[in-house]
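S.K.: Going line by line, the protein sequences match chains A and B.
With this note's numbering, letter number 97 in the first sequence gets 97, and the count goes up by one each step, no holes.
With this note's numbering, letter number 78 in the second sequence gets 78, and the count goes up by one each step, no holes.
Hints listed in this document are in silico derivations from the structure and should not be mistaken for laboratory results.
It is possible that part of the hints are untrue.
Stated by the list, open to error - Facing chain B, a subset of chain A residues (Cβ under 7 Å, in silico):
(1) 69
(2) 73
(3) 74
(4) 78
(5) 83
(6) 86
(7) 91
(8) 92
(9) 93
(10) 103
(11) 106
(12) 114
(13) 120
(14) 219
(15) 223
(16) 227
Just so you know, even glycine gets a beta-carbon here, dropped at the ideal spot from N, CA and C.
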Amino acid sequence: MGSILKLDRLSKAFGAVTAADALSYDVQEGEALGVIGPNGAGKTSMFNLITGTLAPNSGNVEFAGQNVTKWNAARRSHAGVARSFQVPQPFSGMTVFENAMIAATQSAGLHGHEAERFCLEVLEQTELLPKANVLAGSLTLLERKRLELTRALCAKPKLLLLDEIAGGLTEGECASLVQTIKDIHASGVTIIWIEHVVHALLEVVDRLIVIDFGKKIAEGEPHAIMNSPEVKEIYLGIEADA
Amino acid sequence: MTLQDYHVTRSSNAARVAAILGAVALIILVAAPWWAGRADMRLMGELFLYLALASLWNLMAGYAGLVSVGQQAFVGFGGYMLFALTMFAGLHPIAAIVCAGVLGALVSIPVAVLIFRLRGAYFAIGTWVIAEVFRLGFAQISALGGGSGSSLPVAIVKSLASKRAMRESLSYWLALGAAVIVVTAVYLFLRSRKGLALTAIRDNELAAGSLGIDIWRTKFVVYVVTSALTAMIGALIFLQKLRISPDAAFSVNDWTAFVIFIVVIGGIGTIEGPIIGTLVFFALRETLADLGTIYLIVLGVVAIVMMLKAPKGIWGLIRRRYDLQLFPLGYRVIAPGKSDKS
Chain A
1 MGSILKLDRL SKAFGAVTAA DALSYDVQEG EALGVIGPNG AGKTSMFNLI TGTLAPNSGN
61 VEFAGQNVTK WNAARRSHAG VARSFQVPQP FSGMTVFENA MIAATQSAGL HGHEAERFCL
121 EVLEQTELLP KANVLAGSLT LLERKRLELT RALCAKPKLL LLDEIAGGLT EGECASLVQT
181 IKDIHASGVT IIWIEHVVHA LLEVVDRLIV IDFGKKIAEG EPHAIMNSPE VKEIYLGIEA
241 DA
Chain B
1 MTLQDYHVTR SSNAARVAAI LGAVALIILV AAPWWAGRAD MRLMGELFLY LALASLWNLM
61 AGYAGLVSVG QQAFVGFGGY MLFALTMFAG LHPIAAIVCA GVLGALVSIP VAVLIFRLRG
121 AYFAIGTWVI AEVFRLGFAQ ISALGGGSGS SLPVAIVKSL ASKRAMRESL SYWLALGAAV
181 IVVTAVYLFL RSRKGLALTA IRDNELAAGS LGIDIWRTKF VVYVVTSALT AMIGALIFLQ
241 KLRISPDAAF SVNDWTAFVI FIVVIGGIGT IEGPIIGTLV FFALRETLAD LGTIYLIVLG
301 VVAIVMMLKA PKGIWGLIRR RYDLQLFPLG YRVIAPGKSD KS
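When you get a sec, could you build the whole thing from the sequences and use the hints?
M.R.: Here it is in structure tokens:
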């Protein structure tokens with residue numbers, strides 16, 4: 001298995017604020033990579049750079065062997081990059097099922113009956129099937145997070161980016177979400193997961209990177225990283241939330 | 001109860017009833033020359049053309065988020081093309097209307113490339129500026145009467161039909177046909193894959209982009225198609241008026257302000273909204289027009305109250321209460337054991 005995503009000295013600054021500072025790393029196909037770091041460290045900006053929502057000041061993004069740095073978000077989505085947003089971004093005037101259909105028809109390129117069947121399957125997997133006809137604007141937080149995941153899956157991704165999908169959930173909700181994510185990973189989808197809820201993250205990921213001020217400051221086996229003095233220092237006070 | 005027992009439908013009983021009632025209404029309307037008076041037919045013809053303009057503006061602003069206050073540019077352009085093509089190129093008026101649409105599409109392409117660089121309020125102002133440029137430009141063409149405008153020669157009017165009654169019927173049918181074609185086209189487009197993408201853009205551009213929808217291209221196509229159809233409606237409007245001048249052709253009040261009123265009152269971002277809005281607008285106009293300025297004050301008050309109390313318009317109120325959709329665009333998942341009768 002080769003590398004599916006390669007960030008090469010990726011940099012992005014908003015005025016004086018550095019969101020990404022010569023960020024480089026590889027993600028192997030089928031891997032699950034965890035990303036942690038303090039608030040404002042540039043984690044979501046890194047996702048925006050990978051999905052094409054943001055253009056970098058310098059550096060390159062390679063996806064599945066192609067340089068996609070100049071591609072817009074739509075084209076990268078067609079190539080197989082999907083994400084869930086930290087702050088859910090539902091199509092609020094449409095039903096849950098229609099939200100799923102958009103991903104299946106526009107990103108995955110499925111048609112008619114095939115798209116409908118696929119959406120039903122994914123909705124069953126993400127446990128939103130009973131809510132299929134509900135307007136997305138009237139969902140609860142957990143349901144909105146599940147909708148984010150549903151849409152991302154309906155896009156048939158090769159690479160799935162999850163942005164704090166477990167934040168704000170109760171213990172029980174979090175456990176069932178972790179199980180769903182484990183199943184998705186087991187089906188062969190490569191995952192990058194940003195999460196403050198570290199115990200949930202550690203149940204899934206094979207490798208962890210730590211980001212602060214847009215820089216990668218540590219990388220390696222998850223438990224070893226969490227026990228390193230440098231990471232403990234950054235997370236002092238944050239670990240209590242987890 | 002397995003997943004195989006679930007199925008997906010795109011219709012509902014309400015929509016089927018609405019389709020039958022719509023078909024009956026259409027037959028009655030097509031027969032209007034046999035039951036309606038001349039004044040009524042002229043009024044209905046005008047109503048249909050406003051319905052077409054409102055449906056197009058709704059597609060552009062309500063779905064694609066392109067809040068243009070300059071669609072009079074294309075209404076006037078279409079009107080002037082009708083006059084120019086019939087007077088100088090000797091085209092039949094109907095052929096000239098079709099050509100006006102094609103030319104409208106061609107002109108809208110460079111306009112789109114220019115104004116799509118602007119966002120939000122700046123886009124709106126930009127469209128208005130473009131419309132003013134069109135008005136000033138056509139006022140310079142002395143062959144078309146310059147600033148004072150010109151009338152359609154009698155020979156061209158007669159080429160449509162020699163008898164006056166036949167001309168009036170034909171002009172009514174053209175207006176009705178235009179409204180039916182525009183509403184049907186908007187409906188079929190919104191029901192298609194591209195329409196699903198456009199509805200996603202209406203609700204959330206950020207999410208739409210990351211789900212594979214090319215936002216710029218989708219908006220561009222919507223802008224060009226609505227501009228082309230708006231130009232054709234403009235040609236029809238001035239075929240009924242028989243006289244054109246820059247001020248009438250590029251009037252922001254007549255072709256944009258009233259159209260926005262219709263869409264906002266009826267319910268922006270829905271197909272039903274412009275239909276209801278057009279009926280309300282004409283009802284208000286016909287009952288209050290004798291009052292002069294007070295009529296415009298009433299329109300303004302109605303618009304302000306609606307925006308504060310029901311920002312989604314009359315159709316938004318109805319839909320919230322009854323969960324109705326007369327034009328079935330959506331998808332409904334039917335669970336096993338439940339009927340799909342809604």
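S.K.: Grab the minimum C-beta distance from residue 74 (chain A) to chain B and call the hint holds if it beats 7 Å, violated otherwise.
M.R.: 4 Å, holds
S.K.: Would the hint on residue 120 (chain A) be counted as holding, given a Cβ-Cβ threshold of 7 Å to chain B?
M.R.: Nearest chain B Cβ about 5 Å off; hint holds.
S.K.: Answer holds if the nearest beta-carbon of chain B is closer than 7 Å to that of residue 219 (chain A); otherwise answer violated.
M.R.: 26 Å, violated
S.K.: Hint residue 106 (chain A) vs chain B: min CB-CB distance below 7 Å?
M.R.: Holds - the Cβ of residue 106 (chain A) comes within 7 Å of chain B, reaching about 4 Å at its closest.
S.K.: Just to be careful: measuring from the Cβ of residue 69 (chain A) to every Cβ in chain B, is the smallest value less than 7 Å?
M.R.: 17 Å, violated
S.K.: Under 7 Å, Cβ to Cβ, is where residue 227 (chain A) needs to be relative to chain B, so tell me if that hint holds or is violated.
M.R.: 35 Å, violated
S.K.: Does residue 93 (chain A) meet its interface restraint, that is, does its C-beta lie within less than 7 Å of any C-beta in chain B?
M.R.: The hint holds - residue 93 (chain A) has a Cβ within 7 Å of chain B, the shortest such distance being about 5 Å.
S.K.: Holds or violated: the hint that residue 92 (chain A) contacts chain B, with Cβ atoms closer than 7 Å.
M.R.: 6 Å, holds
S.K.: How about residue 78 (chain A): closest beta carbon in chain B under 7 Å, or not?
M.R.: 5 Å, holds
S.K.: Holds or violated: residue 223 (chain A) as interface residue toward chain B, Cβ cutoff 7 Å?
M.R.: 32 Å, violated
S.K.: Less than 7 Å between beta-carbons is the criterion; does residue 83 (chain A) satisfy it with respect to chain B?
M.R.: 6 Å, holds
S.K.: Mind checking the CB of residue 91 (chain A) against every CB in chain B and telling me if the closest is under 7 Å?
M.R.: Holds. Min distance 4 Å.
Checked against the numbered hints given earlier, the structure breaks hints 1, 6, 12, 14, 15 and 16 and satisfies all the rest.
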